[in-house]
Every structure is written in structure tokens, then in C-alpha cells.
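Visitor: For the sequence shown, counting from 1, position 264 maps to 264 in our numbering; every step adds exactly one.
Calculated from the structure, these hints are not laboratory results.
Do not rely on the hints blindly, as some may be mistaken.
Distance condition first, Cα-Cα at most 25 Å in a straight line; then the derived SDA-like pairs of lysine to any residue [said to hold, decoys possible]:
hint	residue 1	residue 2
1	LYS220	GLU398
2	LYS346	ASP420
3	LYS377	GLN426
4	LYS501	THR448
5	LYS323	GLU394
6	LYS193	GLY71
7	LYS379	PHE344
8	LYS377	GLU415
9	LYS379	MET215
10	LYS377	GLN316
11	LYS411	PRO328
12	LYS323	GLY242
13	LYS220	GLU394
14	LYS347	ASP218
15	LYS346	ILE383
16	LYS152	ILE128
17	LYS220	VAL427
18	LYS501	ASP436
19	LYS152	ARG125
20	LYS377	LYS501
21	LYS193	ILE90
22	LYS411	SER387
23	LYS347	ARG216
24	LYS220	ILE383
25	LYS346	GLU460
26	LYS411	ASP223
27	LYS411	ILE421
28	LYS323	ASN414
29	LYS377	LEU408
30	LYS501	GLU460
31	LYS346	LEU225
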Amino acid sequence: MKLLRLVAACAATMLAIAPASAQVATSSGPDSVSVTIYREPGRSADADIDLEWLTGYALVTERRTVAIPAGRAVIRFEGVAGGILPESAIVTGLPAGVREKNLDADLLAPYSLYARHVGRPVTIRRTIRGKSVEERAIIRSGPDGAAVLQTKEGFVAVNCGPSRDELIYDSIPEGLTARPTLSIETDSPRAGKVTLTLSYLAWNFDWQANYVATMRPDGKSADLLAWVTLANGDVTGFADAGTMVVAGRLNREDTERADPPEGKPLDVNCFAQPLPPAEPLPLPQAAPPPVPAPMAGIVAEDAESIVVTGARMATQEELGDLKLYRIPDTTTVASMSQKQVMMFDKKAVPVDVLYRAQVSDGEVGHVQLALRAQNRKEKGLGIPLPSGRVAVFEPLGERRLLVGEASLDDKAVNEEVQLDIAEATQVTADVDYGEDGNDWEEQILTVTNANPYPIRFEGEFEQTDEYRRTRVSARLGRHNGHDVWAVTVPANGTATLRYRKVDID
């Protein structure tokens, strides 16, 4: 009897000191959200965004209203980005601090739902020739391989006969979530409804600038239209989000790409795969069958979803040495999609149209058709230009024709902008040889213009310590640290530069 009272007393003491289980408060979604997207720093200006492999990231800031209980509680933030970096999450507005943070990465999916029901009862629905029959069963096998169930009649394998089988689950097991969820543990001194701010970094985002330059009929100016292309490869979309993008290279110490949580499909097999023979017998090589003709009615896979909006233009702000572009209206950054928003639209920007080539020791590179502009306010620009792709069009009657494409690196205000948009077909350049001596030879650079109008040509000479040029027949200028021969070549005519190449001892 004394022993019984002692056990009861110990049990009561343990219950008194045992902590109460944490209560759960759930936020199903944000009241408002803003997304700031940072470009992938290693992607070159001429590389396209790959929606299936985005290595830029975003800063997501959400405002949520949550009813929290007094005492120890777990607050679940549902619908965060799947690529969230949990260690970066900051929650403000709590009566007490955060004790613990967890990312609930086990998403509700056929695979996880089946795996959580191993050894538990379910209903199997079997349909044969339009007639359905349901019976209770217990899952006896794991999710990898054949799906074996036990019924009162014995053991059956799902979808391994003439019937079409479906599993009906009684409930969703605890711990599975339909959306990526961040959980935090807190200990509030009082209960109440609070407005919290949740900020975190997430992978699987990117952005780039895309430019469209349309030449004007005068051939001396162009209209420049710039777009911001937003890319979200995450499973979570953000509706009516305040959106910003940051241009420039931001240093990151940890460049590893996080694996976002994903729901796996359930792929069941009816039979075990046989082992391959140890020494397969050689078979005669038959001629491969002819390639069948494509079947009519086959439709290609849908292209990436790209949404274009251009009601209002983005505004540029300073962010330290970086440039921030703010989209003036809220926009939806949908999951697994791209969107374009207008950045600016500049009219009649003065441009120089020229042909240029690199000149080295007796060789000339391909002649390029180029556009050159000055990024200054008095020259129609005067704004930071993020790196991106440029498409150049020229009007022809009522239509616009593409004449070339180029890539643009980040350009600051007052920098020169030069675009090599196409390889020339009507302008050529060659180097011939004239007289020579012990340590010199005469070189003759000839430019031929097959266009019915005059053109401007620039030959840019390489810088070297192995030789120098003397007795140059025309005065050379300087551009970006190089000697340059700038000349106007007449219509259907030629221009020639003679010089001596003298070796340096």
C-alpha cells in the first residue's frame, strides 16, 4: 500500500513539473508581401534565364496577422517560398523572442501520403469494366517498389491486374503539409492577435534586363525600350507583391544552391526487375528501323509562361553601390513563370552607326556593324543600365525588321555604350604587304564598302611590345586605350591606310 502511494506521488510530481505541450497557431498566408530579386552574379549578360535552374535569390518580406496563445506555442507560417533559407528568417512583432525555427519540408504528395500510412488501414477502390468495388485494406509494403495491401481475402498488389486501383485515405497524417511551411517556437506572456513581419532569403529566383532599340528613319537616333524580366522557379507564387530588383554584384560567402522541398510521385512496380545476365550473349546487329514520320496531331510542350505588363515604368533608386529598380504597381510573381515589366522608354537617343574591326599583326578580324551611344543625360540617357540582351530593329515601311542582337554589360552614368549587333556583309577589310627591310615591313589596310551610301569605319590596333607602327599615312586617334584609324569610306568605294611595322629589339 505504501509502495502504491509512493508511485502515485512520484507520478503526480512528474506531471507537475512536465512542460505542457506547445500550442499551435497557423498563418495560412500573408496579408501583404514584397519581393526583392537579386540577379545571379555569375551569369553573363548574353546568357538566357533558365527557369529550371535559377541561381539568383530573393529577399521576401511578409506581413501576417496571427492569433497567438499565451505560453509556449508553435507558429506555422504556411506558403513560404520552397527555396527558403531558414537560417536567414527574421520575425518581428512577437511579444517574446523566437526559441526555435524549423522548415517543414515533408510536403503532402502521393509518395509521402503512402509512406505515412504503412501499417495503417485505407480503402482500396478497384474498377473493372466501369464497375467499382471498395474494400478495407492495410498497407503492408513501403513506397519503393510494389504496393502490397492486405485485405480480409489475403494480399493484393495495387495496379497489377485488370483493374484500375485507387487508394482512399481516411485522414492526412500529422506532419504533412500541402505547402512549404516555416515553424517557429515562442513563449508569449499573453494571448492576442498580433501583426508579424517575416523576412527571409530564398533561392530559385532571377532577373535580367532586356532592351529593344528601334532605329529612327534619320539613321542617327534610336528609341530605346527596356524591360525587367522577373523569373520565379519556386513552387510558391506571390500575389500582388511589391516588387523590386537589384542590379550590381553583391558578394555572397555561401553560394550553394538550396534544394527546395518537393512532393514526390508514387511510382509502383508490379514485379521485381530481373538481374542482367553475367555474360550477355552477343546478338547479330540488325539494321536500325527507319525513323517513323511524325504523327499528326502531336502538340509540342507548352513554352515557358511569360507574362508581359507595361502600364507604368520602374523607378531607379540608390542602394549603396548597387542600383535598385522599384516596380511602381504591385504585381504577381507567379510560381514557375516569367514576367516582364517596363523599366524605361527613351525616345530619340542619339547613336552613331559605324563599322569596326580589330587589327593585329597583318590580320583583320571580322568587320562588325556597331551602334555607339553616350550614357549621359544631355545625350538622351543618363541612367544606370543593367546588363542584359539588346535587340535592334530597323523600320521598313509599316514593319520593323530585326537587324542584329548584342549583349550589354552594366553601364554607369557617363559611360560609353557600344553594341556589336551583326557581322557586316557589305563591308570588308584586308591587310596586304608592300616593301620590307631588315626589321620592318610595309602593311596596307584596305576597307571596301559595297553599300550605296558612305559608311564610317574604325580599325582598332592591338597594343603590343613586339613592334611599333611608323610612317602612318593618316593620323590615328585613341579609343579605350587603343590606336584607332577612323575614316569615312565612300559609297561603293575603298579607303586605304599605309604604315610600317617595325620590330622592337
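Visitor: Work down the list of hints and note, for each, if the structure agrees.
Guide: Status of the hints after comparison with the structure:
1. LYS220 / GLU398: holds, 19 Å
2. LYS346 / ASP420: This hinted pair holds, its Cα atoms lying about 20 Å apart.
3. LYS377 / GLN426: violated, 34 Å
4. LYS501 / THR448: holds, 22 Å
5. LYS323 / GLU394: Status violated; Cα separation ~31 Å.
6. LYS193 / GLY71: holds, 14 Å
7. LYS379 / PHE344: Satisfied, since the Cα-Cα distance of roughly 15 Å is no more than 25 Å.
8. LYS377 / GLU415: holds, 11 Å
9. LYS379 / MET215: With Cα atoms ~15 Å apart, LYS379 and MET215 stay inside 25 Å; holds.
10. LYS377 / GLN316: Roughly 15 Å between the alpha carbons, so the hint for LYS377 and GLN316 holds.
11. LYS411 / PRO328: Given that 25 Å is the threshold and the Cα spacing comes to 23 Å, the pair holds.
12. LYS323 / GLY242: Holds - the C-alpha atoms of GLY242 and LYS323 are around 17 Å apart, at most 25 Å.
13. LYS220 / GLU394: holds, 12 Å
14. LYS347 / ASP218: Given pair LYS347, ASP218 holds - Cα atoms ~13 Å apart, limit 25 Å.
15. LYS346 / ILE383: Measuring from Cα to Cα gives roughly 11 Å; hence the hint holds.
16. LYS152 / ILE128: holds, 20 Å
17. LYS220 / VAL427: Within the cut-off at roughly 19 Å; holds.
18. LYS501 / ASP436: With Cα atoms ~9 Å apart, LYS501 and ASP436 stay inside 25 Å; holds.
19. LYS152 / ARG125: Distance ~15 Å between LYS152 and ARG125 Cα, so the pair holds.
20. LYS377 / LYS501: violated, 42 Å
21. LYS193 / ILE90: The given pair, whose Cα atoms are some 19 Å apart, holds under the 25 Å limit.
22. LYS411 / SER387: The hint holds at about 7 Å.
23. LYS347 / ARG216: holds, 10 Å
24. LYS220 / ILE383: holds, 20 Å
25. LYS346 / GLU460: violated, 30 Å
26. LYS411 / ASP223: holds, 18 Å
27. LYS411 / ILE421: With Cα atoms ~17 Å apart, LYS411 and ILE421 stay inside 25 Å; holds.
28. LYS323 / ASN414: holds, 15 Å
29. LYS377 / LEU408: holds, 19 Å
30. LYS501 / GLU460: Within the cut-off at roughly 15 Å; holds.
31. LYS346 / LEU225: holds, 6 Å
Checked against the numbered hints given earlier, the structure breaks hints 3, 5, 20, 25 and satisfies all the rest.
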